[in-house]
Amino acid sequence: MITLTDLTKVYRTEEVETTAINKLNLTVKEGEFVSIMGTSGCGKSTLLNIIGLLDAPNEGSYSFDGTEVAKFTEKQRASLRKANIGFVFQNFNLIDELSVYENIELPLIYNNVKSSERKQRVTEIMERVGIAHRAKHFPLQLSGGQQQRVAVARALVTNPKLILADEPTGNLDSKNGNEVMELLTELHASGATIIMVTHSSYDAQFSSRIVMMKDGEVISEKTNTRDIDVLVE
Amino acid sequence: MLQTWIKLFFRNSKKNWLNLAVNISGLTLGFAGLLIVLLYFNDELSYNDWNPNKEDIYRVSNESRENGIWFSSTSAEAILFKSDIPEVEETILVSPFYRSRVLIDGGTKVYTDKTTLTEPNFFDFFPFTIIEGSTTKFAENRKHIALSKTLASKLYGKKSSIGKMIKIDGNDHIITCVYEVPGNSHYESELLLQFSKPFELHWGNFQNELFCRLTKDSNTDEVREKMNNVIIERNVKPQLATNNMTLEEVKEKYGVMTVLLEQLSTIRLHHKANNAGPGGKGNYQLLLVLLGLSILLIVISCVNFINLSTASASQRAKEVGVKKTLGLSKKQLIFQYVFEILFQGLLALLLGLILVEFLLPYFNQFMDKNITLLNGEVLLKLIGIAIITSILIGSVPALYLANFKTIEVLKGNFSRSKKGIIARNIMLGLQFLISGFFLIGVLVIYNQMAFMIHKDLGFKKEQTLVVDVYNLGDEFKKYTLVKNVMSKHENITGVSTSMFVPGDGNVNGTNLEYREKDIGFNAGSNTVDHNYVEFAQLNLLKGRTFSEEIASDTITSIILNETAAKRLGIYNDPIGKKVNIGWQRQGDERKLEVVGMVQDYHFDGFDVKIDPMFLIHWKTFPRTKDWINAIQFKIKSDNISQTIADIEEFWKENIDDKYPFNYEFLDAHFAQTYEKYEKQQTMFLILSTIVIIISLLGLFALATLTIQQRLKEVAIRKTLGASVKEIIFQLVKSFLKITLIALVVLLPVSYYLMQNWLDNFVYRIDMPIWPYIITPIVLLLLVFTVVGVKALNATKIDLIKYLKFE
Ligand SMILES: Nc1ncnc2c1ncn2[C@@H]1O[C@H](COP(=O)(O)OP(=O)(O)O)[C@@H](O)[C@H]1O
Ligand SMILES: [Mg+2]
Chain A
11 MITLTDLTKV YRTEEVETTA INKLNLTVKE GEFVSIMGTS GCGKSTLLNI IGLLDAPNEG
71 SYSFDGTEVA KFTEKQRASL RKANIGFVFQ NFNLIDELSV YENIELPLIY NNVKSSERKQ
131 RVTEIMERVG IAHRAKHFPL QLSGGQQQRV AVARALVTNP KLILADEPTG NLDSKNGNEV
191 MELLTELHAS GATIIMVTHS SYDAQFSSRI VMMKDGEVIS EKTNTRDIDV LVE
Chain B
405 MLQTWIKLFF RNSKKNWLNL AVNISGLTLG FAGLLIVLLY FNDELSYNDW NPNKEDIYRV
465 SNESRENGIW FSSTSAEAIL FKSDIPEVEE TILVSPFYRS RVLIDGGTKV YTDKTTLTEP
525 NFFDFFPFTI IEGSTTKFAE NRKHIALSKT LASKLYGKKS SIGKMIKIDG NDHIITCVYE
585 VPGNSHYESE LLLQFSKPFE LHWGNFQNEL FCRLTKDSNT DEVREKMNNV IIERNVKPQL
645 ATNNMTLEEV KEKYGVMTVL LEQLSTIRLH HKANNAGPGG KGNYQLLLVL LGLSILLIVI
705 SCVNFINLST ASASQRAKEV GVKKTLGLSK KQLIFQYVFE ILFQGLLALL LGLILVEFLL
765 PYFNQFMDKN ITLLNGEVLL KLIGIAIITS ILIGSVPALY LANFKTIEVL KGNFSRSKKG
825 IIARNIMLGL QFLISGFFLI GVLVIYNQMA FMIHKDLGFK KEQTLVVDVY NLGDEFKKYT
885 LVKNVMSKHE NITGVSTSMF VPGDGNVNGT NLEYREKDIG FNAGSNTVDH NYVEFAQLNL
945 LKGRTFSEEI ASDTITSIIL NETAAKRLGI YNDPIGKKVN IGWQRQGDER KLEVVGMVQD
1005 YHFDGFDVKI DPMFLIHWKT FPRTKDWINA IQFKIKSDNI SQTIADIEEF WKENIDDKYP
1065 FNYEFLDAHF AQTYEKYEKQ QTMFLILSTI VIIISLLGLF ALATLTIQQR LKEVAIRKTL
1125 GASVKEIIFQ LVKSFLKITL IALVVLLPVS YYLMQNWLDN FVYRIDMPIW PYIITPIVLL
1185 LLVFTVVGVK ALNATKIDLI KYLKFE
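From first to last, the protein sequence lines are chains A and B. If you're matching positions, the first sequence starts at 11 in this note's numbering and goes up one per residue. If you're matching positions, the second sequence starts at 405 in this note's numbering and goes up one per residue.
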C-alpha cells in the first residue's frame, strides 16, 4: 500500500541544515501493523508526517495506494489525507472547547457526511472504544487514557485506510497504555493498516513488524513472530 | 542590564513590527486626543482667571415669564441696586457685543471690530495690565479712551500714544491708557469707548450687560432677594395705580421679573443666560463629553495594547521559558517587560505631542481659539498619565508572562482564562458600539444638514449681495442715494434694505397689539423699503405689498407674517385690521392698518422657530431711519466681480471711506446659521474616524490574540480535513457574535440619542432608516475583513509545528 523509495527530507534553518530522512526505503502492505523505533531525533516523526501527508519530502518517491504523491500540492495532500488517513498523537491533540462527541464528529463533518449518519457512526465508535458514557464530557475532564481513546475513536470514525500513531502511549501510564495498545491490536485484527512510532519495545511487540531507524535511515527490520491473537480473545 | 533589555527589545520588535506599530499608533491617538481635550478644557477654565475680582463680580440676568432669561439689564437696575443695596459696592453697564469703529489721526486710519462701550469705572471691574497711561486719567472724562497694545501700535508703532487726539465717528477723543488683556477674558476689547453721558434711570431698555461688585462674603441669595425687591418696589408697584391692578394680579397675569446672579469666575462655562460675553460662551457639557470620550479612548487603546502584548507574549513564551530555566528571576522578567512597555508608552507620548503640535493650528482655527502646547501644567499631567498607563498596561502582560510554568511555556501550552476572554469581548463590543454610534451619528447629521441647506426658506437668497453699513449717520439718505444710482447699473437688478438680514441673528422685537380684542405680544419688527417684499421674493398671501405711490404706506401701513396674523386672530381676514406697535410713544395715536400678509419665511436663523413678525416702512418711525445694518443688491450672474468692484468704487466715493467695504452673499451669510451644526458634523466626522481607527486596531489586536491562542486548534482541524473556508468561519464566528450583540444594543440606543439630537431643530427631518442599515453592514464588513485576513493567514500555518510534541 505504501512504497517509499530514496525518500529524503532536509530541514533548513538559518544556521543549520538537518537531514531528518536520508534516502529511506520502506514498504508497508495493506493490513500490516508496523512499529517504527529508534533514538530520539532519528527522524521517526518526520517519516510519519510524510507518510501522513502532513509534510512533503524533498526528494525520492512516495507511492500511496499506487498513486505517486511525493510531488502533491498541499491541497491535493489535504484531500487525500482527509479521506484515507487517521492520526493518533502522543499529546492527543483534542480540541478542549469541544465535547468528546463533537471531537469525534469533526472528521465526519469535514468529509461531508450527513448528520443522521454522523450520529450513528460516532455512537458506534464510542461504544467500540468504551467512552460512550463520557460523550458530553470535555477533554480536560477525562483521564489521559480516556483522552487517547477519544483520539483513537476520532482517527477511526472515517474508516481510514491507514492509521498513524506517533508515540500513542508516550503520555500514559502502563495500564492506560495497555488499553490503547489493545485497541490498536484489535483494529489490526479487524484488518486496519497501522503505522506506529514508539520508544517502547513492549508496545512494539503488539505489531507485526518492527522497523529500526538511525540518522534518517532504516537500519533493520524484524517481523514479529509473537502470536498476538491471544490478546484479542 | 539596560543594554540587554534594549537589545532584546529591538530583536523582538523586528519580529513583531506590525504589533508594535498597532500598539504605538493606538496609544498615540489616545494620548493626542486626551492632550487636545485637556488643553481645550484648560483654556475654557482659564476665562477670567486672571481677574482678582472674579469672585466678587456678578453679572445680572433677568428672568421673566414672557421672555425667558435675558442676559442684559436696564439702567434702572444699575443705578438702584447700587443706591439701595448695601452689599452692592459698585455697578457697571457695558455694551454686550463688539462694535466696529474707525480711529483717525490725521492721515492714519485704523479699523477695529472689537470696540466696547462702557462707563468710566471699567478698569475697577476688569483691571487689565496697563502698559502706558493711567486708568484714573481714563475715568476723568467721557471723551477719554483706552486702547489695546496691538491697536495702539497699529496707530503709532513704537511711539507713545498717550495724549494723542483721535477722531471716531467725527468726535474727538484723547488716548489716556494703553492696556493688555492678561488672559482669556469676558471682554477682550481692542478699544474702550465711554458712553457719552451717565445713564438716566430707565426700566425699559435691556441693552447692556450689568455687573455688580459685591462686598466680600456677602450672601448672594440675600442679595438676589433684595434686588428682586427693588424691582417690585421701584418698578412694579408704581405702575399698579395706572393699570388699576393689585400686585397679586400683576404677578398672576404677567409674572414679575426676577434676577439671576452669575459669578464672573465661572460664567464662561456655567452661564444661566444664553450668553457669556462678546467672546462667546463655553459649552461645559460638550467639554465633559469630550473628556469622557478621550479617557474612554485611552482606556480602549490600553486594552488593545494589553491584548496585543499578551498575544506576542505567548509568542515570546519560549524566550521566557529559556530565561527562566537559566535562572532569571520573576522580578527581572517583569522589569524587562515593563521597560519595554514604558519605552513604547513614552514613544507614543512623544508621537502624540508631535501630532498635537501639528494638529493644533487646525483645531484653533476650527474652534476659533488660540491654544498652544506650551502649558506646563497640562503637559505634566499628560506625562504623568502616560507613565501610569504604561506601567499599568505593562504589568498585565508581564505578570501573565512571568506566571507561566516553565515547562508549560517550553511546551507552548497556555491556558486561556474564561474571565479574561469575557472581559476582552466586552471591551471589543464596547468599541463596536461606540464606532457604530459615531457612524450613525455622522450619517444622521449629514442628512439633517442636507435638509437644512436645501429647504425652501420662504425667501430667495441667491444672487443677493449684502453690504454692511456701519455707524454712519444719515443712513437712510445714503441708502436712497445708493439705490437711485446703482439701480441703473446694467448688472444690478434691484437694491433694497431691511432691518433683518436673514441669518444675521440680529432680530429685535416690540409689542404688536390688536386692541379691539385685547391681544398683544412681542413680534419681530422688521423695517424695510417699499420694494423689499418683491426684492426678497417673499410670498404674498393676502392684500398687497408696499408701494411708493401710496402715501400712507410710510405712515400707517403694516404687513404681517402668517404667524403674527394667526396670533392676533385675524389670519382669515387680516386686511384692513387696525393694530398698534410698541414703538409708538405716548401721544402717537396712529392706528396701523394691515395691508398685506406674507407667508412665513426664515428671517432669523434656520434653527429658530419662525416668530410673529411685521414689516413696516423705514419712514413710519423716523428714528428708525438710521438703523440700517446693510444694503442688499440683486445682481446678475455675469461679471460679478466687476459689479462688486463698481459698487465698492461708488461706495468709497459717496457713502463711506472710513470703514472697510464689507460684503457677503446672502446665501453664504445665511449658511452661517448652520455653522454650529457644520462644526458638530466635522467634529463627529473626526471623532468617528479616530474611534473607528482605534476600534479597528482593537479588533486587529484581539483577532491576533485569539487566533494566536487557537493555532493549535486550527492545526488539528486542518489535519482532520477542515477546508480553508471552514477554518476561517470557525475563527470569525466568535467575532461575529460580539458584533451582533453590539448591534442589538447599538441600534435602539443610537436611535434614541439621534432622535434627541434632531429634537434640537425646529425644522427637522424624519429619522432616516438607512444609517441603521448601512452601519451594521459596514461594521460586519470590517470585522470580516480584519478577522478574515488574520484567519486566512492562520490557515497557512505549519501543521507539524503545532501538532508536534517534544
Ligand atoms: N521543523 C523542523 N525544523 C528543523 N529541524 C527539524 C524540524 N523538525 C525536526 N527537525 C530535526 O529533524 C530531526 C528529526 O526529527 P524528528 O523526526 O522529530 O525526530 P524523532 O525521531 O525524535 O521523532 C531532528 O534532528 C530534528 O531536530
Ligand atoms: Mg518524534
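It cannot be assumed that every hint is accurate.
The calculated lysine to aspartate or glutamate pairs, modelled on EDC-like cross-linking and capped at a C-alpha distance of 20 angstroms, are [stated by the list, open to error]:
| hint | chain 1 | residue 1 | chain 2 | residue 2 |
| --- | --- | --- | --- | --- |
| 1 | B | Lys1200 | A | Glu84 |
| 2 | A | Lys171 | A | Glu40 |
| 3 | B | Lys1205 | A | Glu24 |
| 4 | B | Lys1205 | A | Glu25 |
| 5 | B | Lys892 | B | Asp977 |
| 6 | B | Lys657 | B | Asp922 |
| 7 | B | Lys458 | B | Asp625 |
| 8 | B | Lys1083 | B | Asp908 |
| 9 | B | Lys1137 | A | Glu112 |
| 10 | A | Lys85 | B | Asp625 |
| 11 | A | Lys81 | B | Asp625 |
| 12 | B | Lys1116 | A | Glu231 |
| 13 | B | Lys1205 | A | Glu27 |
| 14 | B | Lys995 | B | Asp1011 |
| 15 | B | Lys1200 | A | Asp65 |
| 16 | B | Lys1116 | A | Glu115 |
| 17 | B | Lys1116 | A | Glu24 |
| 18 | A | Lys85 | B | Asp1202 |
| 19 | B | Lys1129 | A | Glu24 |
| 20 | B | Lys1205 | A | Glu84 |
| 21 | B | Lys418 | A | Glu25 |
| 22 | B | Lys1205 | A | Asp65 |
| 23 | B | Lys1023 | B | Glu993 |
| 24 | B | Lys864 | B | Asp1042 |
| 25 | B | Lys1205 | A | Asp106 |
| 26 | A | Lys39 | A | Glu231 |
| 27 | B | Lys1038 | B | Asp1202 |
| 28 | B | Lys1137 | A | Glu107 |
| 29 | B | Lys655 | B | Glu629 |
| 30 | B | Lys1116 | A | Asp106 |
| 31 | B | Lys1116 | A | Glu112 |
| 32 | B | Lys1141 | A | Glu107 |
Some chain B residues close to chain A (C-beta under 8 angstroms, calculated; not the full set) [what the hints assert, rightly or not]:
| hint | residue |
| --- | --- |
| 33 | Gln1113 |
| 34 | Glu1117 |
| 35 | Ile1120 |
| 36 | Arg1121 |
| 37 | Gly1125 |
| 38 | Ala1126 |
| 39 | Glu1130 |
| 40 | Ile1201 |
No wet-lab data here; the hints were simulated from the structure. Here the structure is a predicted model, which means the values were calculated and not measured. Glycine included, every Cβ here is placed at the ideal spot set by N, Cα and C.
Do the hints match the structure? See the list:
no.: 1; hint: B:Lys1200 / A:Glu84; in the structure: holds, 10 angstroms
no.: 2; hint: A:Lys171 / A:Glu40; in the structure: holds, 8 angstroms
no.: 3; hint: B:Lys1205 / A:Glu24; in the structure: holds, 17 angstroms
no.: 4; hint: B:Lys1205 / A:Glu25; in the structure: holds, 18 angstroms
no.: 5; hint: B:Lys892 / B:Asp977; in the structure: violated, 39 angstroms
no.: 6; hint: B:Lys657 / B:Asp922; in the structure: holds, 14 angstroms
no.: 7; hint: B:Lys458 / B:Asp625; in the structure: holds, 18 angstroms
no.: 8; hint: B:Lys1083 / B:Asp908; in the structure: holds, 18 angstroms
no.: 9; hint: B:Lys1137 / A:Glu112; in the structure: holds, 17 angstroms
no.: 10; hint: A:Lys85 / B:Asp625; in the structure: violated, 84 angstroms
no.: 11; hint: A:Lys81 / B:Asp625; in the structure: violated, 93 angstroms
no.: 12; hint: B:Lys1116 / A:Glu231; in the structure: violated, 35 angstroms
no.: 13; hint: B:Lys1205 / A:Glu27; in the structure: holds, 17 angstroms
no.: 14; hint: B:Lys995 / B:Asp1011; in the structure: violated, 34 angstroms
no.: 15; hint: B:Lys1200 / A:Asp65; in the structure: holds, 13 angstroms
no.: 16; hint: B:Lys1116 / A:Glu115; in the structure: holds, 18 angstroms
no.: 17; hint: B:Lys1116 / A:Glu24; in the structure: violated, 25 angstroms
no.: 18; hint: A:Lys85 / B:Asp1202; in the structure: holds, 14 angstroms
no.: 19; hint: B:Lys1129 / A:Glu24; in the structure: violated, 33 angstroms
no.: 20; hint: B:Lys1205 / A:Glu84; in the structure: holds, 16 angstroms
no.: 21; hint: B:Lys418 / A:Glu25; in the structure: holds, 19 angstroms
no.: 22; hint: B:Lys1205 / A:Asp65; in the structure: holds, 11 angstroms
no.: 23; hint: B:Lys1023 / B:Glu993; in the structure: holds, 17 angstroms
no.: 24; hint: B:Lys864 / B:Asp1042; in the structure: holds, 18 angstroms
no.: 25; hint: B:Lys1205 / A:Asp106; in the structure: holds, 19 angstroms
no.: 26; hint: A:Lys39 / A:Glu231; in the structure: holds, 14 angstroms
no.: 27; hint: B:Lys1038 / B:Asp1202; in the structure: violated, 76 angstroms
no.: 28; hint: B:Lys1137 / A:Glu107; in the structure: holds, 14 angstroms
no.: 29; hint: B:Lys655 / B:Glu629; in the structure: holds, 16 angstroms
no.: 30; hint: B:Lys1116 / A:Asp106; in the structure: holds, 10 angstroms
no.: 31; hint: B:Lys1116 / A:Glu112; in the structure: holds, 17 angstroms
no.: 32; hint: B:Lys1141 / A:Glu107; in the structure: holds, 17 angstroms
no.: 33; hint: Gln1113; in the structure: violated, 11 angstroms
no.: 34; hint: Glu1117; in the structure: holds, 5 angstroms
no.: 35; hint: Ile1120; in the structure: holds, 5 angstroms
no.: 36; hint: Arg1121; in the structure: holds, 7 angstroms
no.: 37; hint: Gly1125; in the structure: holds, 3 angstroms
no.: 38; hint: Ala1126; in the structure: holds, 5 angstroms
no.: 39; hint: Glu1130; in the structure: holds, 7 angstroms
no.: 40; hint: Ile1201; in the structure: violated, 12 angstroms
The structure shown violates the earlier hints numbered 5, 10, 11, 12, 14, 17, 19, 27, 33 and 40.
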